[in-house]
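Novice: Sequence:
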Amino acid sequence: MADDYYGQNNSNSDDSEVELNLSSPELKGYLSKWTNYIHGWQPRFIVLKDGTLSYYKSEQDSDFGCRGAISLQKATIKSHEFDECRFDVAIGQNVWYLRAETPEDKGNWIEVLQSYKTDVPETISLRRHGSTISLQSNTLSTASGSSLKRVSRGLREKLHEIETFRDILYGQIDTLQRYFDALHAKNEDQPPLDLGDGLKPIDFRGEAITFRETTAGVIITLQHCLDIISQKEESFKKKLDKEQERRRKAEELYR
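Here the sequence shown is numbered in full-length UniProt numbering, starting from 1 and rising by one per residue.
It is worth saying that the hints were derived from the structure and are not from the lab.
Accuracy of the hints is not assured; some may be wrong.
Stated by the list, open to error - Mimicking EDC-like on lysine to aspartate or glutamate, the simulated pairs with C-alpha atoms at most 16 Å apart in a straight line are:
hint	residue 1	residue 2
1	Lys49	Glu213
2	Lys49	Glu59
3	Lys33	Asp50
As the list claims (entries may be wrong) - Here are the simulated distance ranges between beta carbons:
hint	residue 1	residue 2	range
4	Arg67	Ile162	17 to 25 Å
5	Trp41	Ser62	18 to 26 Å
6	Ile219	Pro103	36 to 44 Å
7	Arg67	Ala185	27 to 35 Å
8	Gly217	Lys239	16 to 24 Å
9	Asp63	Glu104	26 to 34 Å
10	Arg247	Gln172	43 to 51 Å
11	Gln177	Arg67	15 to 23 Å
12	Glu104	Arg212	19 to 27 Å
Positions of the beta carbon are idealized from the N, C-alpha and C atoms, including for glycine.
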């Protein structure tokens, strides 16, 4: 097949060649994004920052929260077989179909996106631990090790996705909070509006306070869940280390 899947065959890349500037967007600009069969291709403002690809309807909308985001760490980048300006970015069933203005522009985007396609140390470590041992048996089990590796990789991938969406949520909450505060300040000295039909005007001060408390609770709970999962993962890795060491000592005794 003529399609080239970037990132699936990149295990030999040199980590030292990838230098990431996390303080500012690495790349941003307009690309055409396929929306649906009714509206077809539409221009969207694409921003790459901190390993996350986000898109907005326009550059002016970038202050009001993104319309979607993909973490590039586990994404697949695919160059189209016939369209020299098109490429796709996908995680599982979530696929973005994108088109650049020129093949050169497309190549630039792919090159930068591809720089994020490197394995993190945690994933490499989990693969190493899960390659040969089984906690359920006194014999080495390659099948169990393979299953363990898949579970570990899946857990790390989902954790990274949650952390990415958490960071996006931080920004969107901050934007909405400023909006509520601004509306409250603007309407504080205004007489209440008569909306008729028994409708009451919005209490911007009350809504701002409620929104702040609610979102704070969501963020705290989400962070607590992430901490628990990370602790469980670390505990699991320690058990694997101990079992591997026990196996090694047992093998040495019978040599």
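Novice: If a hint holds in the structure, say so; if it doesn't, say that too.
Specialist: Results for each hint:
1. Lys49 <-> Glu213: Violated, at about 28 Å.
2. Lys49 <-> Glu59: Status holds; Cα separation ~15 Å.
3. Lys33 <-> Asp50: violated (21 Å)
4. Arg67 <-> Ile162: 17 to 25 Å: For Ile162 against Arg67, whose Cβ atoms are near 19 Å apart, the range 17 to 25 Å holds.
5. Trp41 <-> Ser62: 18 to 26 Å: holds (20 Å)
6. Ile219 <-> Pro103: 36 to 44 Å: 43 Å Cβ-Cβ, so the 36 to 44 Å window holds.
7. Arg67 <-> Ala185: 27 to 35 Å: At 28 Å between Cβs, range holds.
8. Gly217 <-> Lys239: 16 to 24 Å: Violated, at about 33 Å.
9. Asp63 <-> Glu104: 26 to 34 Å: holds (30 Å)
10. Arg247 <-> Gln172: 43 to 51 Å: At 48 Å between Cβs, range holds.
11. Gln177 <-> Arg67: 15 to 23 Å: Check passed, 20 Å falls within 15 to 23 Å.
12. Glu104 <-> Arg212: 19 to 27 Å: Once the Cβ atoms are compared, 47 Å apart, the range 19 to 27 Å for Arg212 and Glu104 is violated.
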